[in-house]
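Engineer: So the chains spell out like this:
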Amino acid sequence: AQTIHQWPVAEIKAVGSPLSLGCTIKGKSSPNLYWYWQATGGTLQQLFYSITVGQVESVVQLNLSASRPKDDQFILSTEKLLLSHSGFYLCAWGSLDTSNSDYTFGSGTRLLVI
Amino acid sequence: SQWGEENLQALSIQEGEDVTMNCSYKTYTTVVQWYRQKSGKGPAQLILIRSNEREKRSGRLRATLDTSSQSSSLSITGTLATDTAVYFCATEPGGYKVVFGSGTRLLVSP
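As given, the protein sequences belong to chains A and B, one line each in that order.
Residue numbering for the first sequence is 458 to 571, as defined by this note's numbering.
Residue numbering for the second sequence is 5 to 114, as defined by this note's numbering.
Please note that the accuracy of each hint is not assured.
[To be verified] Below are the DSSO-like pairs computed for lysine-lysine, each with C-alpha atoms no more than 27 Å apart in a straight line:
1) B:K45 <-> A:K527
2) B:K101 <-> B:K60
3) A:K483 <-> B:K101
4) B:K42 <-> A:K483
5) A:K537 <-> A:K483
6) A:K485 <-> B:K30
7) B:K60 <-> A:K527
8) B:K45 <-> A:K485
9) B:K30 <-> A:K537
Hint data in this document are derived by calculation from the structure and do not stem from the laboratory.
The whole structure should be built from the sequences, with the hints applied where relevant.
Structural biologist: The structure is reproduced here in structure tokens:
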């Protein structure tokens, strides 16, 4: 069975400090990987997607970057946090089989920027 | 109904009642997905309906899709208190992008 693990579970960080969030998928080879951001009480906004190692596409610009150093790992980062970065960050994987859109989300990282 | 630019909608019902949530979308999509998100958790996919399907059922869930009006609905029959969650629709306009609606907050009281 596929599992998706996000770390850390929660973070409190200062404005201007760096951030690195991680996501690991086990049990699925060459998954499509996604990062989403959700404001408290809001909808999910897709940030990045990656269909292969070393290749990441940005969907929206929020002063964040993403990398995929390994097939099963997806990293979200920034060098300088803003207050507006607070929220819930979710990693997801999707099937490569385009006949079956199957997305599975991780349990998320809650970030508070102060 | 929900879409990204609208505020989160809220519904409050009693356990055992049936409920229908609506979603309208603005761009072409090949599928509409419905998700349930419980407090503090990631969303879980409930049902996926394709553009060539008008209706799809899964247990107590029923999704409909009307591509001519670009709208979809999710119905839950015989709701339970455990159905309390936020429900999102999501579309795929292409290029690995997924666009979520604004969501409907459903509260089912025992």
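Engineer: Next step is simple, just say for each hint if it's right about the structure.
Structural biologist: So, going through the hints one by one against the coordinates:
no., hint, verdict
1, B:K45 <-> A:K527, "holds, 26 Å"
2, B:K101 <-> B:K60, "holds, 23 Å"
3, A:K483 <-> B:K101, "holds, 23 Å"
4, B:K42 <-> A:K483, "holds, 24 Å"
5, A:K537 <-> A:K483, "violated, 30 Å"
6, A:K485 <-> B:K30, "violated, 33 Å"
7, B:K60 <-> A:K527, "violated, 37 Å"
8, B:K45 <-> A:K485, "holds, 22 Å"
9, B:K30 <-> A:K537, "violated, 34 Å"
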